[in-house]
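Sequences and hints are given; from them, build the entire structure.
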Amino acid sequence: MDISSLLNSILKDPSILSELGNKVDADPDKVQKAASLGIPTIIEAINRNAQQDEKKVALSKALDDHKDDDVTDLSGFLKGLDPNDNEKMLKHILGPDEMKVENSIAKTSGLGIGQVSGIMGMLAPILMGMLGNKKKTENVGVEDLSSMTGSLGNVLGGSGSGGVMGMASKILDQDGDGEIMDDLGGIFGGLFGKK
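Okay, so the sequence shown: first residue is -14 according to the numbering used here, each after it adds one.
Hints are not guaranteed to be accurate.
[What the hints assert, rightly or not] Result set (SDA-like, lysine to any residue): computed pairs, CA atoms no more than 25 Å apart in a straight line:
| no. | residue 1 | residue 2 |
| --- | --- | --- |
| 1 | Lys(-3) | Asn7 |
| 2 | Lys73 | Leu63 |
| 3 | Lys18 | Glu83 |
| 4 | Lys40 | His51 |
| 5 | Lys46 | Ile98 |
| 6 | Lys46 | Pro(-1) |
| 7 | Lys40 | Gly126 |
| 8 | Lys18 | Ile98 |
| 9 | Lys52 | Gly135 |
| 10 | Lys(-3) | Ser136 |
| 11 | Lys18 | Asp38 |
| 12 | Lys85 | Lys155 |
| 13 | Lys121 | Asn7 |
| 14 | Lys8 | Asp58 |
| 15 | Lys85 | Leu(-4) |
| 16 | Lys85 | Ala43 |
| 17 | Lys8 | Asp(-2) |
| 18 | Lys76 | Leu(-8) |
| 19 | Lys41 | His51 |
| 20 | Lys(-3) | Asn71 |
| 21 | Lys40 | Gly97 |
| 22 | Lys64 | Glu83 |
| 23 | Lys(-3) | Lys92 |
| 24 | Lys8 | Ser136 |
| 25 | Lys76 | Glu128 |
| 26 | Lys121 | Lys8 |
| 27 | Lys64 | Glu128 |
| 28 | Lys64 | Pro81 |
| 29 | Lys92 | Leu(-4) |
| 30 | Lys64 | Ala47 |
| 31 | Lys92 | Glu128 |
| 32 | Lys(-3) | Lys41 |
| 33 | Lys40 | Lys18 |
| 34 | Lys41 | Asp53 |
| 35 | Lys76 | Asp53 |
| 36 | Lys18 | Asp53 |
| 37 | Lys41 | Ser60 |
| 38 | Lys(-3) | Glu128 |
| 39 | Lys73 | Ser45 |
| 40 | Lys18 | Pro(-1) |
No lab work stands behind these hints: they were computed from the structure.
If you want it as structure tokens, here you go:
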């Protein structure tokens, strides 16, 4: 399964959304909203780590640790996740931005912080597994990491200010003034308005 199909199944497969929802006691529609922001935000954070000399070596090693993760069977993969490991991984990826990211997604999706944290914690290993597989298959070295992680953002629609990756940047860069909530509401109208 290619990355585009895999991302699509996380965001649109009712059984996967239900499974994520069951683990955090949340409605699948709200899980979909949280995942639609959580995935690009995690990808953007990974991409930023890949562009920093002091972080990309650690990221490269972390991806090597996940190079054989079988993320093609998402349901089976989710069953084997350890919440404590998920939490540590998310902290490594988001760093000091973790709380503000989870706050923003919680406000926009209508979920509690704990639920968002749980969902984000499950999304992180899926994305690391995807990237680990890609790194192994394409034999990507440390110097080419940022090209690889950047290409994942392109799959989701690039980094234009109105796109999903643009929103991810805003979530990571926000200063806590709350204005981003208006922008996020706008993008959700676009994502979910057309059934």
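- [ ] Taking the numbered hints from earlier one at a time, note which ones the structure violates and give those numbers from smallest to largest.
- [x] Violated hints (numbers, rising): 5, 6, 11, 13, 21, 24, 26, 27, 28, 31, 32, 33, 36, 37, 38; every other hint is consistent with the structure.
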